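Student: Top line first, the protein sequences correspond to chains Z and V.
The first sequence begins at 0 in numbering that gives the first Met the number 0 and counts up one residue at a time.
The second sequence begins at 0 in numbering that gives the first Met the number 0 and counts up one residue at a time.
It is possible that part of the hints are untrue.
[What the hints assert, rightly or not] Only part of the chain V face toward chain Z is listed, based on derived beta-carbon distances under 8 Å:
| hint | residue |
| --- | --- |
| 1 | Y89 |
| 2 | P109 |
| 3 | G110 |
| 4 | G122 |
| 5 | I125 |
| 6 | I196 |
| 7 | A199 |
| 8 | G216 |
[Unchecked claim] In silico SDA-like links for lysine to any residue, alpha-carbon gap of 20 Å or less:
| hint | chain 1 | residue 1 | chain 2 | residue 2 |
| --- | --- | --- | --- | --- |
| 9 | Z | K267 | V | H90 |
| 10 | Z | K69 | Z | L54 |
| 11 | Z | K267 | Z | C20 |
| 12 | Z | K69 | Z | F23 |
| 13 | Z | K267 | Z | V34 |
| 14 | Z | K69 | Z | C20 |
| 15 | Z | K267 | V | P123 |
| 16 | Z | K69 | Z | Q58 |
| 17 | Z | K267 | V | V97 |
| 18 | Z | K267 | V | N127 |
| 19 | Z | K210 | Z | L199 |
| 20 | Z | K267 | V | Q209 |
| 21 | V | K173 | V | V157 |
Keep in mind that the hints were calculated from the coordinates and are not lab data.
Computed from a predicted model, the values in this text were never measured in an experiment.
Backbone N, C-alpha and C define an ideal beta-carbon position, used for all residues, glycine too.
Here's the letter readout for the chains.
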Amino acid sequence: MGGFILTRLLSALLVMLGVVCLVFMLIHLVPGDPVDVMLGESAIAADRQALRTSLGLDQPLAVQLTDYLKGIAVLDLGDSLHARQPVSSLLASRIPATLELAFAALVITLLIALPLGILAAVNRGGVADLGAMGFSMLGLSIPNFWLGPMLILCFSLWLGWTPVSGRDGLSSLILPALTLGTAFAAILARMVRSSLLEVLGEDFIRTARAKGLDEGSVIWRHAMGNAWLPVITLLGLQLGALLGGAVVTEVVFDWPGIGSLMIESIQKRDYPVVQGCVLFISLAYVVVNTLTDILYGLVDPRIRSGGGR
Amino acid sequence: MIRRWLPYLLISLWGLAAIAGPWVTESANLIDLEKILQTPTLSGLLGYDDLGRSVLMRLLAGAQTSFLVAVGVVGLSAIVGTAIGLFAGYHGGWLDLVLVRVIDVFLAFPGILLAIALAGVMGPGIDNLIIALSAVGWVGYARLSRGQVLSLRNRDHVTAAIALGSSQWTILTKHLLPLLLAPLIVEATFGVAGMVIAEAGLSFLGLGVQPPHASWGSMIRDGASYMLMAPHMVLAPGVTIMLVVLSLNLLGDRLRDYLDIRLGY
Chain Z
0 MGGFILTRLL
10 SALLVMLGVV
20 CLVFMLIHLV
30 PGDPVDVMLG
40 ESAIAADRQA
50 LRTSLGLDQP
60 LAVQLTDYLK
70 GIAVLDLGDS
80 LHARQPVSSL
90 LASRIPATLE
100 LAFAALVITL
110 LIALPLGILA
120 AVNRGGVADL
130 GAMGFSMLGL
140 SIPNFWLGPM
150 LILCFSLWLG
160 WTPVSGRDGL
170 SSLILPALTL
180 GTAFAAILAR
190 MVRSSLLEVL
200 GEDFIRTARA
210 KGLDEGSVIW
220 RHAMGNAWLP
230 VITLLGLQLG
240 ALLGGAVVTE
250 VVFDWPGIGS
260 LMIESIQKRD
270 YPVVQGCVLF
280 ISLAYVVVNT
290 LTDILYGLVD
300 PRIRSGGGR
Chain V
0 MIRRWLPYLL
10 ISLWGLAAIA
20 GPWVTESANL
30 IDLEKILQTP
40 TLSGLLGYDD
50 LGRSVLMRLL
60 AGAQTSFLVA
70 VGVVGLSAIV
80 GTAIGLFAGY
90 HGGWLDLVLV
100 RVIDVFLAFP
110 GILLAIALAG
120 VMGPGIDNLI
130 IALSAVGWVG
140 YARLSRGQVL
150 SLRNRDHVTA
160 AIALGSSQWT
170 ILTKHLLPLL
180 LAPLIVEATF
190 GVAGMVIAEA
200 GLSFLGLGVQ
210 PPHASWGSMI
220 RDGASYMLMA
230 PHMVLAPGVT
240 IMLVVLSLNL
250 LGDRLRDYLD
260 IRLGY
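Just chain V, same shape as in the assembly (with noise of 0.2 Å):
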C-alpha cells in the first residue's frame, strides 16, 4: 500500500513546496550567524547552514527553482521536439532527411556536456538554464514523434481524412497528436526525473541559479565543505532529490505498463 502510494505523494509534496516556495524565500534567505552549521534539533528540523540559514527552508526554496526548470524544461522541449517531429516526420522528403541529420548531430553530444557548454557560455541564471537545457531536450520528443508519426500517417483513418479533404492541420492535431500522446506522457515523465538532476548537476557545477537564490545542487556543493561538521547540509537536499528522482522513475514505470507502451530504446 505504502509502496503504491509513496511516489504520489512525494511528487505531491514536490508541487506543493513549489506553490510555496514564493512565501518562504525571505525565511530561506534568513541569516542567523547564531545557529551556523547547527545539527538537526527539534526545533530547527534539518539544522542550519554555513550562513545560518535553515535548510528545510532552504530545501523549500530550492524545490521551487528544481520544480519549475524541470516542468519548464520538459514542457518547452516537448512542445518545440514535437511540433517539429510531426511536421517533418509528415511531410517527408528533404525537410525529414535534413531533421534526421539535425537529431543525429544533436546526439553526438554525450548527456549533460552540451547543456553544460551552453549554460557555461551563455552565464549562469535561470533563464539561461532553462535555454541550455531545452536546447539539448528537444531532440528526444522531435525522434519519438518523428517515428510514430512515420508508423502513423499510412494508417486507414489518415487517407480517409486526406481523402475527405482534411487540412493539414486538421490531419496533424485531430489525427495524429492524440495517438503521439500516450509515448510522450511515458517520455515527459521519465524527462521531468531526468531534468530535476540535471538542474542540481548544473547548479552544482555553479551555473545554474546564483547566490542567494536556493536550489538542491549549489546546496550539496556548498555542503561538500562542511561534511565533516555538519553532514546534514548534504544529506538533506541530496535524499530530496532521489526521492524526487525516485518517484518520478517509478511514476514513468508504472505509466508505461499501464499504457502498454515500448519505446524505442
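So here's chain Z without its partners, still in its complex pose (with noise of 0.2 Å):
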C-alpha cells in the first residue's frame, strides 16, 4: 500500500517537473525578442537591458531554468511587468474565486448528472433515456462562450434576476457556474449511465430483485454502491478540466480568477503572470489527479495491484 502510494507520488512530481520545464520554454516561444515584445520598440535601451536582466534573459538556458526553479521552490514567480508586484502575490488574490467557481461548477455537474444519469439507465430505452442521452449530446456540443451569453441574455437582460458580470454574492456565482458545469455534466451523465448499466446486468442484482427487494433499494442500495467507483474517478479528472474550461468562463462573465488574469496578461503582454496562472492551474490539476488516482487505490484493492490504466 505505502509502495502503491509512494510511486504516485514520485511519478506526479516527476510531471511536475515536466510541467514547470514547458511552462518556463513558454518565455522563448515569443517571437523575436521577448524584451522587444514586451516593452514596445520605443523602449531606451537601459530599460531594455534592465528587464533582460531581472528576467535572466541574458543568462545560459542552463542557468535561467535553475533559477525558475530555484524561485518555484520558494514561490517567487518573478514579478509583472505591469501591475509592479510579485507574481505570486496577483496569483494568490485572484484564486479564491475560481476555486469558488470550480466548485460550484463541480456541485451543479452533480445535480444535473446524477439524477439525469440514473434515470436513463433505468429506462434504458425508453423516453426518458432518450430525452436524457439527448439532453448530454446537447450538453456537450454547445460551446460554454455561446451557453455563457445566452444566459446572460436571459436571465439577467431580459428575466433581471441576475446582474450580468462579475463576483458579487451567490447570485453572480450560479450564471458562471451552470455555464462550466452544463458539459460536464452531459459527460458525467453518459457516464453514470453506463456504470450502472453495467452492474445492473450483474448477477447480485438479480439476485437480489429475486429475493423480492424493492426496485428503489435494488439500484441505491445495490446497484449505486458499486457505480460508484468509475464516477469519482472521472468526478476528480473534471475538477482539473473545470479549472482549465474556467478560463473561457471567467472572461465571458467577468469573474476575477486566474483565468481571466491569464487572458488580461496576455493582451497585456505581461508574460511572466501568463506562465504563473499556466502553472497554478495544471500544478493544480496534477494534484487533483493524483489525489484521485491515490483515492481510487484506497477504496479498490484492484487497482494497487497495479492494474492501473
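Take the two lone chains, each set in its own frame, and fit them into one complex as the hints suggest.
Tutor: Given below as C-alpha cells:
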C-alpha cells in the first residue's frame, strides 16, 4: 500500500517537473526578442537591459531554468511587468474566485448528471433515456462561450434575476457555474448511465430482485454502491478540467479569477504572469489527479495491484 | 429518416461553405452603414452586424476558417501523433519510456489551457492557431496508437512478417497501421468536433484569426455587446457551431458503433 502511494507521488513529481520546464519554455516561444515585444519598439536601451537582467534572459538557458526552479521552490514566480508586484501575490488574490467557481460548477454538475444518468439507466431504451442522452449530446455540443452569453441574455437582461457580470454574492455565481458545469454534466451523465447499466447486468442484482427487494433499494443500495467508482474517478479528472475550462467562462462573466487574469496578461504581454497562471492551474490539476488516483487505489484493491490504467 | 441524414447533410454543408469561402470573403467584409444591426428580414436572411456586414456571409466566411483550422489541426496532429506512437510503441525500450513521460506531461495541462497559453505567447493569427492546437492535439493520437501497437505487435502476422525478413517500415505501415485506422478515424471525428469548439473559443478570446477575417468565435464575441438590440448576432454563429459540433459528435458515435470500437476512456 505504501509502495503504491509512493510510486504515484514520485510519478506526479516527475510530471510536475516536466510541466515546470514546459511553462518555463513559454517565454522563449515569443517571436523575436521577448523584451522588445513586452516593452515595445520605443523603449530606451537601459530599460531593455534592466528587464533582460531581471528576467534573466541574458543568462545561458540552463542557468535560467535552474533559477526558475529555485524560484518556484520558494513560491517566487517573478514580478508582473505592469502591476509592479510579485506574480505570486497577484495569483493569490485571484485563486479564491476560481476555486469558488470550480466547486460551484462541480456541485451543479452533480445535481444535473446524477439524476439524469440514473434516470436514463433505469429506463434504458425508454423515453427518459432518449431525452437524457439527447440532453447530454446537446450539452457536449454547446460551447461555453455561447451558453454564457445566452444565459446572460435570458436571466440577466430579460428576466433581471442575476447580475450580468462580476463577483458579488451567490446570485452572481449561479450563471457562471451553470455555464461551466453543463458540458461536464453531459459527460458525467453518460458515465453514470453506462456505469450503472454495467452493474445492473450483474448476477447479484438478479439475486437482489429475485429475493423480492423493491426496485428502489436495488438501484440505490446494491447498484449505485458499485457504480460509484468510475464516476468518482471521472469527477476527479473533471475538477482539474474545470479549472482549465474556467478560463473562457471567467472571461465571459468578467469573473475575477486566474483565467481572466491570464487573458488580461496575454493582452498586456505580461508574460511572467501568463506563466504563473498556466503553472498554477496545471499543478493544481496534477495534484487533484494524483489524489484521485490514490483515493481510487485505497477504495478498490484491484487498482493497487498494478492493473492501473 | 431526418435524424439519420441530418448529420451528414450538415457536415456536407459545412464543407461546401468552406469551399465557397474565398468567393464570399469580399461580401463578408462589405460594410453597409445603413444596415447596421438590422434584424433578419426576407432580403437579409440572418440580419446585419454592428458594422452593417451580412451575418450570413460572415457565417460562410467563418465556415472556411473553422474547417481549415479543425481539419488542418486534426490532420497534422493525427499524422505526427500516430507516427510517434507507432514508432515508440513498436520499438519499446528507452524511446517508449521517454514518450510515455512526455505524454504524461502534456496531459497534465487541462484541456485547452496550453493552447491558449501557446497562442497567446506566439501572437494571434491562423498559422499560430494551428500550431498551438496541434502542439496540444498530437498527444491523444500518440497515446492511442502506442497503446494499440503494444497489443498488436505480438500478433502472429507480425511475427511472421519479422521472420520473413520484412523491413521495419513495411511492418509499421503495412502490418500495423491498417489495424489502427478504425480507432484513429473515430478519434479524429471527435477530434474535429473538439477543434471546431477550440478554434471558436480561441477566436472568442481574441487569439484566433484577426479582423476583418471572420470566425464564428469572434462573431459571438462581437455580438455579445449588442445582445439586447441584435440577438441574431450571437444566435446565428452559436447555433451554427452547435449544429456542426453536434453532427460531428453524432457521426463519431455512429462510426464507433459501426466499427465496434472501445476507446480506452
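Student: Of all the hints given earlier, name the ones this structure violates by number, lowest first.
Tutor: Hint check: 1, 5, 9, 11, 17 fail, others pass.
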